[in-house]
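Novice: If you're matching them up, the sequences are chains F and W in order.
Take 6 as the starting number for the first sequence in the numbering used here and just add one per residue.
Take 145 as the starting number for the second sequence in the numbering used here and just add one per residue.
Don't read these hints as lab results, they were simulated from the structure.
Please note that the accuracy of each hint is not assured.
[Unchecked claim] In silico lysine to any residue, SDA-like type, Cα no more than 20 Å apart, as pairs:
| # | chain 1 | residue 1 | chain 2 | residue 2 |
| --- | --- | --- | --- | --- |
| 1 | W | Lys193 | W | Lys227 |
| 2 | W | Lys173 | F | Asn11 |
| 3 | W | Lys186 | F | Asp53 |
| 4 | W | Lys227 | F | Leu124 |
| 5 | W | Lys148 | F | Asn7 |
| 6 | W | Lys148 | F | Asp53 |
[Stated by the list, open to error] Distance windows between CB atoms, simulated:
| # | chain 1 | residue 1 | chain 2 | residue 2 | range |
| --- | --- | --- | --- | --- | --- |
| 7 | W | Asp211 | F | Gly43 | 23 to 31 Å |
| 8 | W | Gln407 | F | Cys110 | 27 to 35 Å |
| 9 | F | Asp64 | W | Lys166 | 28 to 36 Å |
| 10 | W | Ile146 | F | Phe27 | 14 to 22 Å |
| 11 | F | Leu95 | W | Lys374 | 58 to 66 Å |
| 12 | W | Glu156 | F | Val94 | 38 to 46 Å |
| 13 | W | Lys166 | F | Lys151 | 28 to 36 Å |
[Stated by the list, open to error] These stretches of chain F come out as covered by chain W in the derived footprint (C-beta under 8 Å, 3 or more residues):
| # | stretch |
| --- | --- |
| 14 | 51-59 |
| 15 | 72-82 |
| 16 | 88-98 |
Beta carbons are placed, not taken as given, at the ideal position from N, Cα and C, and that holds for glycine.
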Amino acid sequence: MNSFENYITVSFEVNEKPVTVFTAPNRTLLDVLREDLGLVGVKHGCDDSNCGVCTVIVDGKATKSCCMLIGQAEGTKVTTIEGLEKDGVLHPLQKEFIEHFAIQCGYCTPGFILAAKALLDENPDPTEDEIREALHGNLCRCTGYKKIIEAIEAARDDMKAQA
Amino acid sequence: MIMKFEKYFRPESLQEAIDLMKEYKGEYKLLAGGTDVVIRLKAHALRVKTIIDISRVPELSGVRIEDGKLYVGANTRLMDLSKNPDVVNSEWEILAECAGHVSSTQVRNVATLAGNNVNASPSADTTPALLMCDAVVHIAGPDGKRDVAVDDFLLGPGKVDLKDGEIVVGFTFPKQKENSQAAYIKFAIRGDTDIAIVNAGARIGLGADGKVSDARLVLGAVAPRSIRMKEVEDFLIGKKATEAIIEEAAAMARDSITPITDQRATAEYRKQMAYVNLRNAMTEALKKLA
């Protein structure tokens with residue numbers, strides 16, 4: 006048990022809102038997002054950065070939140086799946102994942118969507134190979150990935166048409 | 145599992161980091177990206193009381209070319225390194241290539257060059273690049289700074305020449321020989337996300353007479369650390385790199401190693417794959433030269 010004397014204060018931004026937590030340092034960003042901030046769209050999977058269900062975007066980069074200490078989040082901007090919908094309108098990725106039925110059990114979906122968002126934010130016109138490379142750190146045991154790739158390609162095209 | 149460490153510090157200067165390492169001597173672990181440290185803390189494979197997060201130490205960052213040498217700061221993220229225009233398409237391109245083979249996007253976004261090497265995993269992807277480029281490791285500590293050649297820095301699995309209180313600041317990659325090219329092959333079941341069964345790197349330089357003038361051959365995951373195949377290098381130098389000579393060199397490497405059997409592969413399989421992949425790496429380096 007960690008004494009409160011060792012607790013740290015961490016300030017960062019989550020989904021464009023400033024957050025400050027006072028916490029034991031031996032917790033991950035994932036722990037704090039889920040347990041303290043109620044952002045349970047971020048999933049807890051393998052716990053050792055293999056499966057990718059805990060993927061969030063930190064300062065524009067897809068990151069596995071299960072392997073990031075909460076102290077490492079100081080001063081960063083974090084985006085979780087809860088931050089994608091704007092004024093009741095789904096993000097093109099969310100919309101296309103539904104349209105293409107790129108979801109079966111749904112557990113890996115937030116991680117896939119955020120990994121894809123980080124890719125599209127950096128490279129608005131990725132090839133299928135580039136999409137697959139960006140998703141290499143995310144596992145899905147239901148879909149066989151094909152529908153996921155199709156959904157991301159469709160979202161890419163939607164976003165290009167909107168731009 | 146619950147991580148057991150108690151204290152967390154995030155120094156904002158190299159001096160502050162060195163002071164903290166002194167204060168918590170023997171009970172701290174440095175964390176740069178944390179992609180390995182955090183996993184080991186969770187698995188209780190690493191038992192320390194204090195974590196010193198060096199990710200915000202400005203002296204550890206920066207990539208630049210100075211006097212024909214490439215300098216890479218310890219905290220350089222592997223993703224940034226794999227895409228850095230000063231490294232890609234340079235004589236040190238192999239470093240960008242190897243950095244791009246480390247795990248997944250999410251891990252490369254966070255993991256650092258120093259972390260991947262100080263871990264001293266025998267299957268590390270960037271260590272072969274350091275060995276193929278004869279990199280120098282810059283170290284700072286309470287008694288000042290020192291430099292050590294990467295080949296002397298690596299001691300064994302998880303072990304490097306870094307004393308309690310010392311920290312890697314960066315790496316220098318010297319000018320590479322004219323007319324030389326390098327190639328790297330990671331042999332793993334699940335691609336880059338996986339840990340290599342064997343990895344092989346080859347840098348080959350050719351002289352004006354078309355004969356091998358420079359050779360640096362590296363095998364990973366076949367010994368307690370990534371190793372240079374120095375006898376094989378000596379064998380190659382001065383010879384014309386024909387298909388038969390390359391085959392012979394790869395066979396020499398295969399016969400000189402004594403890998404272990406583990407959950408990923410048997411020793412026999414590793415030997416055979418070392419042969420195949422080192423041969424292919426040499427062939428690829430020669431192809432780049434052609």
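Novice: Please go over all the hints and tell whether each is borne out by the structure.
Specialist: Comparing the hints with the structure gives:
1. A C-alpha spacing of about 36 Å is found between lysine 193 (chain W) and lysine 227 (chain W), which places the hinted pair above 20 Å, so the restraint is violated.
2. Distance hint between lysine 173 (chain W) and asparagine 11 (chain F) is fulfilled; the C-alpha atoms sit about 16 Å from each other, no more than 20 Å.
3. Pair hint lysine 186 (chain W) plus aspartate 53 (chain F) holds up; C-alpha atoms about 8 Å apart against a cutoff of 20 Å.
4. In summary, the hint linking lysine 227 (chain W) to leucine 124 (chain F) is supported, as the alpha carbons are separated by about 14 Å, within the 20 Å threshold.
5. With a CA separation close to 8 Å, the supplied pair lysine 148 (chain W) and asparagine 7 (chain F) stays within the 20 Å bound.
6. Straight-line distance between C-alpha atoms of lysine 148 (chain W) and aspartate 53 (chain F) comes to about 16 Å, which keeps the hinted pair within the 20 Å bound.
7. A hinted range of 23 to 31 Å is violated for the C-beta pair aspartate 211 (chain W) and glycine 43 (chain F), which are about 54 Å apart.
8. Look at glutamine 407 (chain W) against cysteine 110 (chain F): about 28 Å separates their beta carbons, and that is inside 27 to 35 Å.
9. Hint check: aspartate 64 (chain F) to lysine 166 (chain W), Cβ distance near 31 Å, so the stated range 28 to 36 Å holds.
10. Between isoleucine 146 (chain W) and phenylalanine 27 (chain F) the beta carbon distance is about 19 Å. The supplied range of 14 to 22 Å therefore holds.
11. One distance hint, 58 to 66 Å for the beta-carbon pair leucine 95 (chain F) and lysine 374 (chain W), holds here, with the actual separation near 59 Å.
12. At roughly 41 Å, the beta-carbon separation of glutamate 156 (chain W) and valine 94 (chain F) lies within the given 38 to 46 Å, and the hint holds.
13. Restraint check, lysine 166 (chain W) to lysine 151 (chain F): a C-beta distance of roughly 55 Å breaks the suggested window 28 to 36 Å.
14. With a cut-off of 8 Å between beta carbons, the stretch 51-59 of chain F has 5 residues touching chain W; three or more are needed, and the interface restraint holds.
15. Restraint check on the stretch 72-82 of chain F versus chain W: 6 residues with Cβ-Cβ distances below 8 Å, three needed, restraint holds.
16. With a cut-off of 8 Å between beta carbons, the stretch 88-98 of chain F has 0 residues touching chain W; three or more are needed, and the interface restraint is violated.
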